[in-house]
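Peer 1: Kindly produce the complete structure, drawing on both the sequences and the hints.
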Amino acid sequence: MDVLLLSRLQFALTIMFHYLFPPLTIGMGVALVYLEAMYLRSGAAIYRTAGRFWTRVFALNFAIGVATGIVMEFQFGTNWAAYSRFVGDVFGSALAAEGIFAFFLESGFLAVLVFGWDRVGPRLHFFATVMVALGSIFSSIWIVVANSWQQTPAGHHIVQLTRAGEPYLRAEITSFWQLVFNPSTVHRLVHVWIGSFIVGAFFIMSISAWYLLKRRHEEFARRSFTGALLLGTVASLAAAVSGHFQSRNVYRHQPAKLAALEAHFRTGRGDLLLFGIPNEAQGRVAAGVAIPGGLSFLVHDDFTTPVLGLDRFRPEHRPPVLVPFVSYRLMVGFGVGFIALTLAASFLRWRGRLFARRRLLWVFVVAVGPAMAANQLGWVAAEVGRQPWVVQPPIVRGPDGEPVLDADGYVRHGTVAVSLPGGGTRDVIAGLTTADGVSESVTAGQVLASIALFGAIYLLLGALWLFVLNRKIQHGPDEAVAPARRGSLGEAAGTLLDHRGGLAEGGRP
Amino acid sequence: MTLNTIWFVLLAVLLAGYAVLDGFDLGVGMLHPLARDDRERRLFLNSIGPLWDGNEVWLVTFGGALFAMFPEAYATILSGFYLAFVLLLFALIFRAVSIEFRGKVEAPGWQRAWDRAFFGSSLGATFLFGVAVGNGVRGVPLDERGVFVGRFLDLLGPYQLLVGLLTVSLFALHGAIYLYLKTEGRVQDRLGPWMWHAWGTFTALYMLVTIYTLMDVPEAAANFRRYPWAATAVVLNVLGIAYLPRALYLRHYGRAFAASSFTIVALVFLFAMALYPNVLTASNDPALSLTIYGAASSRTTLRIGLLIAGIGMPFVLAYTGVVYWTFRGKVRLDESSY
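In order, the protein sequence lines correspond to chains A and B. Per this note's numbering, the first sequence starts with residue 1, numbered consecutively. Per this note's numbering, the second sequence starts with residue 510, numbered consecutively.
Simulated from the structure, these hints should not be mistaken for lab results. Nothing here was measured: the structure is a model prediction, and the numbers come from that model. Heads up, the beta-carbon is just placed ideally off N, CA and C, and yes, glycines get one too.
The following label-pair restraints were derived from C-beta to C-beta distances: (1) A/Phe245 / B/Thr511: 42 to 48 Å; (2) B/Ala767 / A/Ile429: 53 to 59 Å; (3) A/Thr267 / B/Met510: 52 to 58 Å; (4) B/Phe661 / A/Gly423: 36 to 42 Å; (5) A/Ile429 / B/Trp738: 46 to 52 Å; (6) B/Arg812 / A/Ile429: 25 to 31 Å; (7) A/Phe467 / B/Pro727: 54 to 60 Å; (8) B/Ala767 / A/Asn470: 41 to 47 Å; (9) A/Arg123 / B/Gly763: 30 to 36 Å; (10) B/Met510 / A/Gly165: 26 to 32 Å; (11) B/Phe661 / A/Gly121: 51 to 57 Å.
Covered stretches of chain A (chain B as the covering partner; in silico rule of three or more C-beta atoms under 8 Å from a C-beta of chain B): (12) 59–66; (13) 81–89; (14) 93–101; (15) 108–122; (16) 164–171.
Peer 2: Below you can see the structure in the form of structure tokens.
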């Protein structure tokens with residue numbers, strides 16, 4: 001195994017594990033703000049109880065998000081040193097902005113949110129909650145800006161520098177705002193937020209549905225479920241709309257990626273595959289079930305206009321198909337499922353019959369799994385679909401907006417002229433491949449050791465997270481005011497015994 | 510002052526901020542075995558409970574700023590010290606989760622395991638930071654492209670290990686004074702002698718490292734000949750260290766904490782003076798060093814970064830102030846504590 005493959009595996013492992021948590025934090029942050037705002041407005045103790053409970057769960061997710069996030073910050077340098085040298089001038093600014101604008105805000109006010117219940121007034125506590133939620137959203141902005149720049153670079157130029165006589169290339173900023181608002185930032189950011197809201201909503205619904213099924217904390221669970229269902233329904237519907245526009249934007253700027261997502265091998269009318277087994281070697285799809293012209297319609301609003309296929313890209317510039325195709329299809333499939341599920345539940349909730357549907361509640365208990373999976377799969381599709389590039393080169397387009405083809409009939413990428421040490425110049429594609437981004441001084445053995453270390457610790461962390469989360473759920477919210485309706489006879493007896501003990505003590509002289 | 514020098518200074522400020530703030534909470538972690546029962550262990554943990562996470566953000570921001578402003582140095586340092594950084598990240602992850610998980614289950618075995626993880630990871634992280642600084646002072650072998658060409662074991666020479674121990678003793682001292690300020694009664698009485706032990710160890714190691722540096726890495730002192738005014742920092746540093754026992758003796762613990770903070774800032778300053786104008790010194794050939802010019806981003810980026818820092822830092826200081834003010838005074842255990 002080589003350093004490149006191992007480093008990619010390590011990046012996939014660490015980012016995917018990390019990314020289980022930030023969407024939860026973003027989604028739950030919104031729910032916490034809502035609960036505290038309701039408490040401030042109505043003063044009803046149930047909102048405070050609910051706020052405290054969800055804050056405890058939030059803090060647990062946040063802690064693991066932070067612990068695994070530090071790895072990401074430094075991993076660019078440890079495993080992707082050549083990439084860091086190439087992008088640092090551009091990418092680093094976004095990362096530094098994330099630290100200064102987002103992380104300090106989040107971590108500072110998180111202290112007040114988690115530990116400040118008895119130390120600050122409800123207004124300041126509400127303010128801290130808003131700041132934590134904003135901090136997690138700011139953080140997503142900067143990291144998505146940085147990632148989107150790699151997908152659709154803008155606001156930079158590529159320059160040649162020399163060190164000790166050795167020429168090398170790097171990207172340098174020309175316009176900060178063009179970098180921030182590069183062609184895909186807004187589409188991708190909106191989609192990431194919506195995905196986070198879906199996860200946050202399904203996470204809350206999962207735990208609430210479980211309480212309802214177990215007839216525990218029912219008043220609390222009904223309110224939490226209803227609020228989260230509203231968020232989940234709106235977000236699921238919005239995801240479809242945002243996904244559609246994002247895909248069109250991918251076609252505009254990264255047609256090879258869209259072709260991989262749709263297993264569209266040959267340029268021509270695009271059929272929308274509902275199912276199929278792509279065969280990359282032969283460039284065709286086996287057992288395909290497709291809507292004829294469906295892809296053309298989604299991309300061009302017209303069933304016949306040709307869609308650029310993978311055959312227009314040089315073989316060495318084609319992304320792998322199977323992984324993006326499958327993960328994209330699963331993500332979309334889950335998304336459609338969320339729409340059906342939330343709409344059905346919303347209808348039943350409106351008719352007042354939802355909480356009697358035990359089987360549907362069980363579906364909600366487990367649906368948080370697909371919700372988290374959909375977020376992961378979306379990123380897998382986006383990142384693997386960008387290969388072999390880590391920084392995508394631009395596509396040369398003619399005056400009609402169509403890609404310009406070279407002599408061999410392949411799409412032309414933008415280039416930069418590099419002057420050679422012996423004199424003369426050579427045109428180099430204005431992007432960076434993942435293979436060229438890997439650290440020069442790191443050996444496969446070292447990366448293997450770090451993968452083993454991270455793999456072990458993340459396995460342990462994942463298990464502990466589930467274990468502690470389960471305990472928090474079993475413990476449940478503190479029943480401050482809600483009518484104490486104990487779940488089991490044993491607990492009820494326990495309460496009675498405590499009471500007797502108290503009486504007996506009181507009776508002792 | 511050029512933009513590059515300004516950024517070198519700002520990185521030193523971020524590093525000093527990190528060392529002063531996370532220094533005391535790493536110190537608390539290393540002193541954690543001094544707590545005798547569960548209540549005391551929780552007091553130790555909760556003295557830094559609301560603060561450690563924000564303190565660590567200084568490191569994250571330092572990393573982000575190094576990446577943005579001196580990407581060549583960021584790439585070389587992190588990939589060159591690969592295993593050391595992986596171990597450091599490992600320690601930081603364990604530290605974060607041991608703080609978070611310890612109080613979640615009321616079982617002695619569970620809590621003992623996390624107590625050990627908290628102690629071990631605090632000690633390990635502090636030691637590795639020190640080793641990294643030691644390597645920074647000595648420099649590492651680089652090639653023409655600025656890529657690290659040494660071996661992992663070269664990074665663990667006696668000098669680097671000694672600087673690692675120096676850092677451990679310094680943060681233990683800093684943490685002990687902090688804990689003394691945050692506790693009362695019997696726990697506090699027990700901490701008294703430890704402040705003295707830590708001070709004694711630190712002072713001895715400080716002298717040893719100073720002599721070792723002057724003999725073994727004379728280039729590290731070259732800047733003091735070029736910028737004689739910098740010698741005042743050395744004098745102030747020595748005065749700060751000498752003032753500590755006086756403050757402890759007179760029971761001016763707030764001032765003692767100020768003095769240990771000042772000592773940390775002064776040492777970061779000395780470290781920066783040993784490097785300047787390099788961000789990473791090449792030990793094999795000075796001409797190959799990554800300087801604040803050769804390793805830097807473009808002027809545009811340095812200027813944008815300055816703007817971001819100028820807008821962001823006042824806010825950062827404001828929230829830090831709010832949080833420290835909210836959790837001022839002696840540690841109290843309540844329902845939301847760890």
